[in-house]
Amino acid sequence: GAVVSQHPSRVICKSGTSVKIECRSLDFQATTMFWYRQFPKKSLMLMATSNEGSKATYEQGVEKDKFLINHASLTLSTLTVTSAHPEDSSFYICSARRGLAGEMETQYFGPGTRLLVL
Amino acid sequence: RKEVEQDPGPFNVPEGATVAFNCTYSNSASQSFFWYRQDCRKEPKLLMSVYSSGNEDGRFTAQLNRASQYISLLIRDSKLSDSATYLCVVRGSARQLTFGSGTQLTVLP
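Protein chains in written order, with the numbering used here: chain P, 7 to 124; chain D, -14 to 94.
Here chain D stands alone, though its shape is the one from the complex (with noise of 0.2 Å):
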């Protein structure tokens, strides 16, 4: 099983959807968590940490439930801008980061 998995996609979503991406850990030690974007033949850049009492940065909302292991990225409102692929990344207590394979998001005009 992997460490921490994801929906590869693609979802293909029109400009101004709601959009929710899941993902699970297999780590209950793990301590933090993090979605990360990446653009086509780039570097990943962290778009927001995720909370146990879960957070919101603008139109992204993130959420964990350490219960299950399970995190999830809502993005309203889909601009052109946002297409990407998502990583959900998981930082263990090694302070190691361990990457999801990543979703990815295409937003339609």
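Pulled out of the complex, with its shape left as it was, chain P reads as follows (with noise of 0.2 Å):
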């Protein structure tokens, strides 16, 4: 199957500070990369779609100044959070998808990257 990865895999960092999250597409070419995130205990929820070459579309009550999306090419999409807080600290977990509407596409996930806000 399919292969994304995701850099780093775990961060900590202090509070007010911004983190970046790379999403790779490994062996395939992704127009389209989604960013969810997920709470403890709770179901992923989409943050953005990140098209190549253009704007993100943000879902409903997510900040897009706080959370830049740049997906550069077809196969990276990255994730800065910017001026992170405590209440930041998720599971971030991006994902690609492979195959044009019509066919059977699937989306791969990448392993995530956990992020603490000290």
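Derived from the structure by calculation, the hints contain no laboratory data. For clarity, every value in this text was computed on a predicted model and none was experimentally measured. Every residue, glycine too, gets a C-beta built ideally from N, C-alpha and C. Just to be clear, a hint being listed does not mean it is correct.
Cut-off 30 Å, straight-line C-alpha distance, at most; resulting in silico cross-link-like pairs (BS3-like, lysine-lysine) [what the hints assert, rightly or not]:
hint, chain 1, residue 1, chain 2, residue 2
1, P, K72, P, K20
2, D, K64, P, K48
3, P, K61, D, K30
4, D, K27, P, K48
5, D, K64, P, K61
6, D, K(-13), P, K48
Here are the simulated distance ranges between beta carbons [to be verified]:
hint, chain 1, residue 1, chain 2, residue 2, range
7, D, D(-8), P, P46, 15 to 23 Å
8, D, G77, P, E69, 19 to 27 Å
9, D, E41, P, G22, 49 to 57 Å
10, P, S15, D, P(-7), 43 to 51 Å
11, P, M51, D, A52, 26 to 34 Å
12, D, S37, P, L122, 38 to 46 Å
13, P, P92, D, D24, 21 to 29 Å
14, P, L122, D, Q54, 43 to 51 Å
Two independent chains are provided; combine them into the complex using the hints.
What follows is the structure, given as structure tokens:
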């Protein structure tokens, strides 16, 4: 199956700093990637849809100026949590969509990044 | 009302037992349906897609009832390795995935 990587897998930072998370599709090109957040014992919640070469589409309630998304190439999307606060501590997971609409498209998930803001 | 609702469990069953999970979704325009498995502190992984005719993959059987907007997963002959959280996932017309909150399963020796 297709592989999606995320880096870093875990990060601890001080309140007020910014953290960048990378998501890469290793063996296919992904025009669309997704960023999710999961709090303990809760479901994955879609934060934003990242489109290569254009602006990301954010879900309601997600601050675009706080969670900066850049999808500069067909294999890389980055999420930057700016001025992180303890309430941003969560499990951030990206996914990359493979296949075109009408085909058996599949989303492949990265292994996630666990963020702890002190 | 949540878009995708699941019984959170936990379900604690002995090895060899049969266990069933249910899920309902609110958007009648939903197009595709899946069960994902998520192990503790890991990313979700696709277990199986769910088709209207019902489908089976080894010990796992999935059913979809579009009229009732209801999805089920049946696991037969449970193994210790089946212990995980099972996520009901729905894809809408916008091709985005919506996740249920998951049902936790623990298979006991």
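Checked hints:
| no. | hint | result |
| --- | --- | --- |
| 1 | K72/P to K20/P | holds (16 Å) |
| 2 | K64/D to K48/P | holds (25 Å) |
| 3 | K61/P to K30/D | holds (28 Å) |
| 4 | K27/D to K48/P | holds (13 Å) |
| 5 | K64/D to K61/P | violated (45 Å) |
| 6 | K(-13)/D to K48/P | holds (13 Å) |
| 7 | D(-8)/D to P46/P: 15 to 23 Å | holds (19 Å) |
| 8 | G77/D to E69/P: 19 to 27 Å | holds (24 Å) |
| 9 | E41/D to G22/P: 49 to 57 Å | holds (52 Å) |
| 10 | S15/P to P(-7)/D: 43 to 51 Å | violated (27 Å) |
| 11 | M51/P to A52/D: 26 to 34 Å | holds (28 Å) |
| 12 | S37/D to L122/P: 38 to 46 Å | holds (43 Å) |
| 13 | P92/P to D24/D: 21 to 29 Å | holds (26 Å) |
| 14 | L122/P to Q54/D: 43 to 51 Å | violated (38 Å) |
Checked against the numbered hints above, the structure violates hints 5, 10 and 14; every other hint is satisfied.
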